[in-house]
Structures are given as structure tokens and as C-alpha cells.
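Asks: Here UniProt numbering is used: position 117 in the sequence shown is 117, and no number is missing along the way.
Any given hint could be a false lead.
Claimed, not checked - Pairwise CB distance ranges (calculated):
#1 H76 x V149: 17 to 23 Å
#2 T48 x L148: 40 to 46 Å
#3 P49 x R26: 15 to 21 Å
#4 Q97 x T45: 32 to 38 Å
#5 P50 x P28: 38 to 44 Å
#6 R155 x P49: 18 to 24 Å
#7 R155 x L54: 31 to 37 Å
#8 R155 x A62: 36 to 42 Å
#9 P106 x V149: 34 to 40 Å
#10 T82 x T10: 16 to 22 Å
#11 E34 x H151: 40 to 46 Å
Source of the hints: derived by calculation from the structure; they are not laboratory data.
Idealized CB from N, CA, C, for every residue including glycine.
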Amino acid sequence: MKLIVIAVGTRMPAWVETAWDDYAKRMPADCAIELKEIKPEPRTTGKTPPQMMLAEAKRIEAAIPASALRIALDEHGKDLTTMNLSSRLEQWRSGGQDVVFLIGGPDGLDSELKKSCSGMIRLSSLTLPHPMVRIVLAEQLYRAWAILVNHPYHRA
Numbered sequence: 001m002k003l004i005v006i007a008v009g010t011r012m013p014a015w016v017e018t019a020w021d022d023y024a025k026r027m028p029a030d031c032a033i034e035l036k037e038i039k040p041e042p043r044t045t046g047k048t049p050p051q052m053m054l055a056e057a058k059r060i061e062a063a064i065p066a067s068a069l070r071i072a073l074d075e076h077g078k079d080l081t082t083m084n085l086s087s088r089l090e091q092w093r094s095g096g097q098d099v100v101f102l103i104g105g106p107d108g109l110d111s112e113l114k115k116s117c118s119g120m121i122r123l124s125s126l127t128l129p130h131p132m133v134r135i136v137l138a139e140q141l142y143r144a145w146a147i148l149v150n151h152p153y154h155r156a
């Protein structure tokens, strides 16, 4: 199984890439995590937010493997505990299907793209900067895996 994070946004600061790489390296081969960055729609073209999200959604769709389970990250998504996420990760691993996590741009994800997802989760009730979202997600996926294998990283 592979965990794929598809995030709108490119050219992240070095600290974001360093943190991402650290958690990605920690994941085992049978639960690898991969990042696919999607070019954001320019915010200076006069397009409306729905038009920009639709353009980004087309790029996101093109990056999603055909058989992958889709999970949208959204402020209105289900609020999971780390233990809940670990249980979900175990279910996903049992299914053997790749899981794709979708992170939208400044305006979020297109509504039709969200409807195509098997679920929606949120990482926090706080508004997080987009670069931080990918790091928090990577850390939580690593922590969820650590719980499953009784790795000492997670101390309950």
C-alpha cells in the first residue's frame, strides 16, 4: 500500500521539504508516503474562486491513480483522534488499496472533487498554513503507523 499526498502548491520553503523528507524516510516500504505537488491556479487572472478550484481539480484528478481510495482534507471533514487515524490506516492496509489525501489550494477543494472522495477529514479546528498541513499529515500518518507496530515513537 502507498499513501499519496496530492497538494496544491509548489516551491515550498526548505524547512517544509526537510520536514516532509524526514517523515517520508521513516515510513516502511509497505506503507510508503509520496508527495505530488500540483501547480496552483494564478490568483491574478480575474477568475472566481470556483473557477480556480475547478482548474486545480482537473490537475489533481490527473495525478490520482485510478484505483486509489480518495480522502479530502477539509475544514468540514471528520475530526479524528490519532487512534482513530491509526485504526483507519489499519483498515486501508488490510484492503491493500493505495490511499490518496487531497490538500487544496488557498480556496480549498472543488466541491465536485470532494464529492468523489470516500471521506473527508480535518487535521485541526485551527486554520493551518498550507505548507504546514502536509507536514502535520505526514507526521500523523507516521504516528498512526507507529501505533500499529508498537513502535516507541507514540507514547500514549
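Asks: Which hints from the list above does the structure break, by number from lowest to highest?
Replies: 1, 3, 6, 7, 10 and 11
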